Amino acid sequence: MALLQFDNVGISAMAACVPHTVIDNYRYTQYFSEEDVRKVVDKIGIYERRFADAKTCSSDLCFAAAERLLKETGIERNEIDLLVFLSQTPDYRMPATSIILQERLGLKKSVVAFDINLGCSGFLYGLSVIYSLMQQQNLHKALFLDGETRSKVYSPKDRRSAFLFGDAGVAALIERGEKFGKSYFSLNSDGSKADLIRIEGGGYRHPSSLDTLRERVVDEYGNIRNDEQGYMRGSDVFNFVIVEIPKDIKRLLDVTNINKDDVDYYVFHQANEFINSYIAKKLKLDFAKIPSTIHKYGNTSSVSVPLTIVSELREQLCHSDKRLLLSAFGVGMSWGTAILHFADCHICNIVEL
Amino acid sequence: MNLQDFVEKFAEQFDETDANEIQANTVFKDLDEWSSLIALSVIAMVDEEYEVALKGDDIRNASTIEDLYNVVKAKH
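Chains as they are written, first to last, in the working numbering: chain A, 2 to 354; chain B, 5 to 80.
I should point out that these hints are in silico values taken from the structure, not numbers from a laboratory.
Warning: the hint list may mix true and false statements.
Claimed, not checked - In silico BS3-like cross-links for lysine-lysine, where the CA-CA straight-line distance does not exceed 27 Å:
#1 B:K79 x A:K72
#2 B:K59 x A:K44
#3 A:K251 x A:K290
Claimed, not checked - Derived contacts from chain B toward chain A, CB cut-off under 10 Å, selection only:
#4 A15
#5 L44
#6 A57
Said to hold, decoys possible - Here chain A is said to cover these stretches of chain B; the calculated rule only asks that three of the stretch's residues, wherever they fall, bring their Cβ under 8 Å from a Cβ of chain A:
#7 32-41
#8 47-54
Quick caveat: nothing in here was measured; it's all calculated off a predicted structure.
Glycine included, every Cβ here is placed at the ideal spot set by N, Cα and C.
Please put together the full structure from these sequences, using the hints given.
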């Protein structure tokens, strides 16, 4: 466990954007029988998701969220010194999407801008990078954009992933201030499990070809996908998560000497309801302290933690000081836990695009 | 841990299958209701009851419930 600690830096405003198209999971039956679909949906507790249309990218969702955030907070665009875009569904393989967003958002050319490529654990990693850079006194305000269009990544004909994922983008404004107090991060990586969740083709190890685009039956259950679509070995991921995540949370609470009752809200990566309720039960947490959006937005990868904060904690976090524990885990495997103060955080209503 | 107990807890993970159909020598992947979703419940049950981390391969390589019991017992 790498432990990172920061003083007096935090999130002062947040906004989120979801596509307007709602997928009703019980009716997502073009490739599977209603009975099969019902069983899967009941188990994972994901009833609705949002799908971006063919023209909409992660960056568009983040752009809409950022515009809302800038408008509501009244922040001047030239006050932004740092722009980080985190996603595994960028606009192009190059250049970095953050650079394109510098121009679209009308930010100054002296802005520090770069992308981070991480999945479900990404929001925690991105925050830790930004908090680190914000130790530089010449950087005053940072904009963190985190977006995913996972609906475009997985095959609708592979029941192991077809019902899980949705699209969304968030924007968070990060500033220094004594009100934020201490923040702690535990960040972890295990590349021996890189094959649990992966897109095999389309990178430089297995470049795009007719072969990587060929649909085929991949298992004894008749699931179908091509090699440029993601796969997930669900039972191995589950097994990994139920062991490592409670351990990491307990360790961070121990090292920081924070009692689990002194955390106001626990925000978990929204993987699926089965995993999330199992972790909460295992850690003996108070379910009233665990906001959830899994039923309406599904698994939006790195966006699920901040999206859940924006969607469920808007009133609770404005004009107050709350301690949140964030926990996220996924593709890599990469996982982490963070304990942060939210002090007078301005949270915008969710934008639909 | 004992086998009978394990078989009962294994059977509790099924909603539709009659518990009498689930015995130590049952080839569980032949049960109509068996699916990768039930596998998740079995992994959760084994973690909760025996504090053993069951891998996907442990389940794939096991044929009967007793095979799986032996894997759990060896790791217990």
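Each hint tested on the structure:
{"no.": "1", "hint": "B:K79 x A:K72", "verdict": "violated (57 Å)"}
{"no.": "2", "hint": "B:K59 x A:K44", "verdict": "holds (20 Å)"}
{"no.": "3", "hint": "A:K251 x A:K290", "verdict": "holds (16 Å)"}
{"no.": "4", "hint": "A15", "verdict": "violated (18 Å)"}
{"no.": "5", "hint": "L44", "verdict": "holds (5 Å)"}
{"no.": "6", "hint": "A57", "verdict": "holds (5 Å)"}
{"no.": "7", "hint": "32-41", "verdict": "holds (count 3)"}
{"no.": "8", "hint": "47-54", "verdict": "holds (count 4)"}
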